[in-house]
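Student: Residue numbers (our numbering), protein chains in the order written: chain A, 63 to 593; chain B, 63 to 593.
Don't read these hints as lab results, they were simulated from the structure. All values reported here derive from a predicted model rather than from experimental measurement. If a hint is listed, it holds; no wrong ones were tucked in.
The list treats identical chains as one, so a pair stands whether inside a single copy or across any two.
With a cut-off of at most 30 Å between alpha-carbon atoms, the simulated DSS-like pairs for lysine-lysine come out as follows:
(1) 502 <-> 430
(2) 507 <-> 115
(3) 92 <-> 203
(4) 513 <-> 115
(5) 199 <-> 92
(6) 92 <-> 504
Number of protein chains: 2
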Amino acid sequence: MPPERLGGRGAGLTGLLLSILCADLAWAGKLLVIPADGSHWTGMKMMVEELGKRGNEVVLVMPEVSRSIGPAEHTTTLTYPVPYTKSQLQAIQMRNLDTLVAQDSSNLLKKIYSSYMTLQVMRNYTIVACESMLFNKEVMKILREYDFDAILTDPFEPLGVIVAEYLDLPSIYISGGLPCSVESVSSQCPYPPSYVPRRFTRFTDHMTLWQRIVNFLWTAIEPVACRWRYASIEELASRLLQRKTSMTEMMSHASLWFMRFDFTFEFPRPLMPNTVMIGGLNCEGSKPLPLELETFVNKSGDHGFVVFTLGSMVSQIPEEKAQLFLEAFRQIPQRVLWRYTGPTPANLPQNVKLMKWLPQNDLLGHPKARAFMTHGGTHGLYEGICNGVPMVMMPLFGDQGDNVQRMVTRGVGEVLNIHYTTSEEVVWALNKVINDTSYKEKIQKLSAIHKDRPIEPLDLAVHWTEFVMRHKGAEHLRPAAHNLNWFQYHSLDVIGLLLSVVAIVIAATVKSCTFCFRKCCRRKTQKKKKE
Amino acid sequence: MPPERLGGRGAGLTGLLLSILCADLAWAGKLLVIPADGSHWTGMKMMVEELGKRGNEVVLVMPEVSRSIGPAEHTTTLTYPVPYTKSQLQAIQMRNLDTLVAQDSSNLLKKIYSSYMTLQVMRNYTIVACESMLFNKEVMKILREYDFDAILTDPFEPLGVIVAEYLDLPSIYISGGLPCSVESVSSQCPYPPSYVPRRFTRFTDHMTLWQRIVNFLWTAIEPVACRWRYASIEELASRLLQRKTSMTEMMSHASLWFMRFDFTFEFPRPLMPNTVMIGGLNCEGSKPLPLELETFVNKSGDHGFVVFTLGSMVSQIPEEKAQLFLEAFRQIPQRVLWRYTGPTPANLPQNVKLMKWLPQNDLLGHPKARAFMTHGGTHGLYEGICNGVPMVMMPLFGDQGDNVQRMVTRGVGEVLNIHYTTSEEVVWALNKVINDTSYKEKIQKLSAIHKDRPIEPLDLAVHWTEFVMRHKGAEHLRPAAHNLNWFQYHSLDVIGLLLSVVAIVIAATVKSCTFCFRKCCRRKTQKKKKE
Numbered sequence: 063m064p065p066e067r068l069g070g071r072g073a074g075l076t077g078l079l080l081s082i083l084c085a086d087l088a089w090a091g092k093l094l095v096i097p098a099d100g101s102h103w104t105g106m107k108m109m110v111e112e113l114g115k116r117g118n119e120v121v122l123v124m125p126e127v128s129r130s131i132g133p134a135e136h137t138t139t140l141t142y143p144v145p146y147t148k149s150q151l152q153a154i155q156m157r158n159l160d161t162l163v164a165q166d167s168s169n170l171l172k173k174i175y176s177s178y179m180t181l182q183v184m185r186n187y188t189i190v191a192c193e194s195m196l197f198n199k200e201v202m203k204i205l206r207e208y209d210f211d212a213i214l215t216d217p218f219e220p221l222g223v224i225v226a227e228y229l230d231l232p233s234i235y236i237s238g239g240l241p242c243s244v245e246s247v248s249s250q251c252p253y254p255p256s257y258v259p260r261r262f263t264r265f266t267d268h269m270t271l272w273q274r275i276v277n278f279l280w281t282a283i284e285p286v287a288c289r290w291r292y293a294s295i296e297e298l299a300s301r302l303l304q305r306k307t308s309m310t311e312m313m314s315h316a317s318l319w320f321m322r323f324d325f326t327f328e329f330p331r332p333l334m335p336n337t338v339m340i341g342g343l344n345c346e347g348s349k350p351l352p353l354e355l356e357t358f359v360n361k362s363g364d365h366g367f368v369v370f371t372l373g374s375m376v377s378q379i380p381e382e383k384a385q386l387f388l389e390a391f392r393q394i395p396q397r398v399l400w401r402y403t404g405p406t407p408a409n410l411p412q413n414v415k416l417m418k419w420l421p422q423n424d425l426l427g428h429p430k431a432r433a434f435m436t437h438g439g440t441h442g443l444y445e446g447i448c449n450g451v452p453m454v455m456m457p458l459f460g461d462q463g464d465n466v467q468r469m470v471t472r473g474v475g476e477v478l479n480i481h482y483t484t485s486e487e488v489v490w491a492l493n494k495v496i497n498d499t500s501y502k503e504k505i506q507k508l509s510a511i512h513k514d515r516p517i518e519p520l521d522l523a524v525h526w527t528e529f530v531m532r533h534k535g536a537e538h539l540r541p542a543a544h545n546l547n548w549f550q551y552h553s554l555d556v557i558g559l560l561l562s563v564v565a566i567v568i569a570a571t572v573k574s575c576t577f578c579f580r581k582c583c584r585r586k587t588q589k590k591k592k593e
Numbered sequence: 063m064p065p066e067r068l069g070g071r072g073a074g075l076t077g078l079l080l081s082i083l084c085a086d087l088a089w090a091g092k093l094l095v096i097p098a099d100g101s102h103w104t105g106m107k108m109m110v111e112e113l114g115k116r117g118n119e120v121v122l123v124m125p126e127v128s129r130s131i132g133p134a135e136h137t138t139t140l141t142y143p144v145p146y147t148k149s150q151l152q153a154i155q156m157r158n159l160d161t162l163v164a165q166d167s168s169n170l171l172k173k174i175y176s177s178y179m180t181l182q183v184m185r186n187y188t189i190v191a192c193e194s195m196l197f198n199k200e201v202m203k204i205l206r207e208y209d210f211d212a213i214l215t216d217p218f219e220p221l222g223v224i225v226a227e228y229l230d231l232p233s234i235y236i237s238g239g240l241p242c243s244v245e246s247v248s249s250q251c252p253y254p255p256s257y258v259p260r261r262f263t264r265f266t267d268h269m270t271l272w273q274r275i276v277n278f279l280w281t282a283i284e285p286v287a288c289r290w291r292y293a294s295i296e297e298l299a300s301r302l303l304q305r306k307t308s309m310t311e312m313m314s315h316a317s318l319w320f321m322r323f324d325f326t327f328e329f330p331r332p333l334m335p336n337t338v339m340i341g342g343l344n345c346e347g348s349k350p351l352p353l354e355l356e357t358f359v360n361k362s363g364d365h366g367f368v369v370f371t372l373g374s375m376v377s378q379i380p381e382e383k384a385q386l387f388l389e390a391f392r393q394i395p396q397r398v399l400w401r402y403t404g405p406t407p408a409n410l411p412q413n414v415k416l417m418k419w420l421p422q423n424d425l426l427g428h429p430k431a432r433a434f435m436t437h438g439g440t441h442g443l444y445e446g447i448c449n450g451v452p453m454v455m456m457p458l459f460g461d462q463g464d465n466v467q468r469m470v471t472r473g474v475g476e477v478l479n480i481h482y483t484t485s486e487e488v489v490w491a492l493n494k495v496i497n498d499t500s501y502k503e504k505i506q507k508l509s510a511i512h513k514d515r516p517i518e519p520l521d522l523a524v525h526w527t528e529f530v531m532r533h534k535g536a537e538h539l540r541p542a543a544h545n546l547n548w549f550q551y552h553s554l555d556v557i558g559l560l561l562s563v564v565a566i567v568i569a570a571t572v573k574s575c576t577f578c579f580r581k582c583c584r585r586k587t588q589k590k591k592k593e
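One chain only, chain A, in its complex shape (with noise of 0.2 Å):
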C-alpha cells in the first residue's frame, strides 16, 4: 500500500474510512507501529508484517523524511511532515560515517568531540521529528480516531513512549536494552552491578574487584548521563500530556517489552514478568544464493568464503582505509565478499566481490562460508550465531562494543579496532578463527543451542502482541514495585525503623541502669554516712 501523507486535506476521513470498513469484518487486532529508525526498523519489519498477515490491521506511522523506515507489506502506512530534507538526513550520516570510520587516531579531543556533536546533531534530529508529529492537532487526532488496541514502538526513539501516554494506548516496546540501563529502571527489574555490566564498559559478567568499582560507579553516574539524554524530549512530553514526567515514569506503564536477545547472547540475569525474549527473530531459513553469486563462491573451493558488512550506518569506508582490507585479502586462500557501495578501488584482487547489497544471512548459510566480518551489531551477530559462522568484529559505536565483548567471552569470533588495525591483524583474526577449528566448534555449539526451543521467536513475538491487543494490556505481570518508591522498595524505611527501636531499646535499658546503679551507689554512700 503506497504510504499516505497525514496532517493533509483528506487524511482524517480516510482513517476514519478504514475504521468503519475494519468493523465490518471479523474481529482484528489494530496495531499503531512507531518503529526507530536505522538497523532499529530492518529488526521490527519482520514482526510487523507478519502480524499484519496474521489479520490485524497495523498502521504504520514515519516521518516523511528517514534514513530506513519504509513500507511494509501487509500494513497500512501513514506518513507526517517534518522540516528537514533527506539530503540533510544524509550529510549527518556521512558525517558519522568520518566520525565512526575515519577517526584520526593521533587527536583524541578531536574524536571525542566529534563524537559528542553527531550524538547532539543526531539527538536534535530525533526531537523535531518528535515535534513535528506530536504537535500536529490533525495527525493526533485522526491517530485517536483509529482508536487502536496497542502502540508497538521502539523506545530508542521516544516518539511512541509519547504517543501510547498521549493515546493512553497498551504498550509494547521491542528493545536490545537502551543508555543508562533505562530498560530495567523502568521495568523494575533487578540488575545488581556485581555482575550485571553496564553499557559501553565492554565487561563480562565475570568482573575483576577493579573492574566491578568502574560498574558501580557507572550505576551511580548513569542518571546523570540520562537527564542530558532525556532532558529536552521530557520537557516536549510533559509540554502535550500538561503534566511534569520522565522517560522513566512513561516507560514504567509498558505493558510488554520484548527484548533482541536470548542467552546465547546476553550474559544471564533476572528479567522481569512483562519481558519476552526474541533474539535471533531476524535470522529465519536461510534460501538459495542467486546463480552469480553462488558460482562465485563455489569457485572459492575447500577454503570457503568471508562476508563482510559494517551494517546499515556504513556502507563505503575511506580509500585509504578500503586500501587496508583489501591488502588483507590478497593474502588469503578464501574469497571475500564485501558490501561496498563507493567507487571500485584500483588494485581489487581477483578473490574480492564487491557488492551494493549483500543476502547476508543466505551467504552465511551457505556450507561455504567460512568467517563473517561484521561490525557487531545484534543483528549480523545473530546470524552469524544462527549460521554457526565464526566472527571477525570490529565495533563502531553504540552498543557494539558491548555485544563484541560477549561474543569474545563465548570464544566465537576476535575483536579488531577498526580505528587501528594493520592489514597484518586482519589476516592474523581471519586465519585464526577459520583454521582454529575451537571457534568453529564453539559458535556450532551455540548455534544448536540457540535453535533449539519450544517456539520460534517470530511466533511468540506476534502471540504477545495480539495477547496484549486481546486483553488491552497485561496488567497481571506488572510488579507492586511500582507502587513503591526507591526508599520502600529497598526497605530502607523498614531498617531504618528496625534500627530506631533497637536504639530506643537499648537507650531505655541502659539508662534504666544507670539510674538504679545511681540509686544503689547514693543509698550505700548515704548509709555509709550514716554509720
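Using the hints provided, position chain B relative to the given structure of chain A.
Tutor: Showing chain B alone in chain A's frame:
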C-alpha cells in the same frame, strides 16, 4: 511395566540390559526421575509419562512404600526397600488429618505442638527413605550404570538433589516454591522483601508498613528455620559425598527449575533465566462425565452444582465437621459432589452425593459447575482457574494459606477457616461466590489470560527437559552471581573500598590544611615575637 525391585538379585543386570538395548535404538534421552510423595507426584506424573511417550527412556525410582507415588505409563519403575510399612505411613497420614481438620480450637498450645510433632515425624520418614536409597550401594551402582543424561526431581524431598550430586547429573527441579525461599536463594533470584511476600505470611504483594516489617524480619529469620529443616539431611549428604555441603549449595547446581505457577496465580516478581513456568500443566481439556454423574448434575437445573474436595491428604473428616457441611448444603439450592471416603453420615441431604473419587477437572469443566470448595492446593486452584469456576477455599497447611490469598486478591473466591467455620458461614460463602456475578466474571477473565499462551505448559516442560538432556545441562543460563559471595554480590566490598578512599582523601585534606594553617600561624607568631 510392573515395578522392578532394586537392591535384589538381577536388578543390576536388568539395568545394564536395558542400557544396551537402548544404545541400539535411535538416540533418545535417558532420564532418571525421583519424585516427592503426595500431591507433588500427581503434578509430575503427566509430564513424566509424556516424556516417556515421546521416546525418552524414563526410569522412575521410588521407595517400595509410599503414599501416592505409583508406576507411570511409558516408564520403567524401579523400587528400593525402606524400613517401614504402608500401614505405618497411613497411620502418620491419619494423624496428620487429625491435626489439620479436627483441631481443638480451645487449645492453641496443643495445636502448635501437634503440628510440630507431625512435621517432625514426616521429616524423619523422609530422612529414613533418603538413607535407605543413598547408602544402598547396589542401588546406586545400578543407577550409575544407566548413564543417565539428566535427573528430574522434586526438591521438596531432597533425595533427588543428593542423587544428582552423587551421580554428577544435570538436574531439573520441579517445584511450586520451597520453605525459606530456598529456590530463590539457590538460583540467585532477587526476591525483595518489600513486595515479594514470604511463605506462610499470607501477605499479598501490596503490603502495609507493618506487613513489610514482618516480611523483612521473616526474611532474616528464614535461614535459621532452614537450618533446622535441613540439618540432618545435609549431614547425610556430606557423609555420602565426603565433603561438607548444604542444600542451598547442592541446589545451586540445578540446570533448570520448573515452577508450578504462572502470573495468573503468582504475584509478579523477577525470575532467573533457568526458570520455566509450567503452572496449569495438570488441567487438560475436561472430558465428558460418566453417565451416572452427568444425570446427577443435570438434575440440578439452573442452580447447577458445587464440587467439594479437600485434596489427596484428606479424604474423610470427623463426623461432627461433616455434619456442619451437610447442614450448610441442606440450605443451598445447588447439588453438591463431595469427595469423601468415610462412613456415610446420617441424614445425608438429597442434593449431596458422596464419592470416593471425583473426576475433579471434568466436573469443573461442566457448564453447570457453579462453585469449587477446595483446600487450596495449587493443582486444585489451577483446575478452578482453567475452568473458570469461583472458589470457596479452606486452607489446611503448608503453602495453602498463601495460595488462597492469591486467589482472594484476584477476587475469584472467598476463604473460610476450616477449624472455626460454621454452617451459616459456609452457606454465606457459597451464596456469595455463586450469586455475586463479579466472582464469575473475574475468574473467567483470569481463565482467559491463563489459557492465552503461545505454547502449552506440558510441551514447554517436555522441551526444556529434553533440552537439558541433549546439551548435558543449561550452562548458558547460569548467572555469574553464583561465583560471588553475598558480600561481593551486594557490592559491599566495592562500597567499603570507595568509602575508605573518600575517608582517606578527607582525612589527608584536613591533615594538610591543619598542617599548612599551623605553619602559617607559627610564622606569624615568630614574626610578631621578632617585632
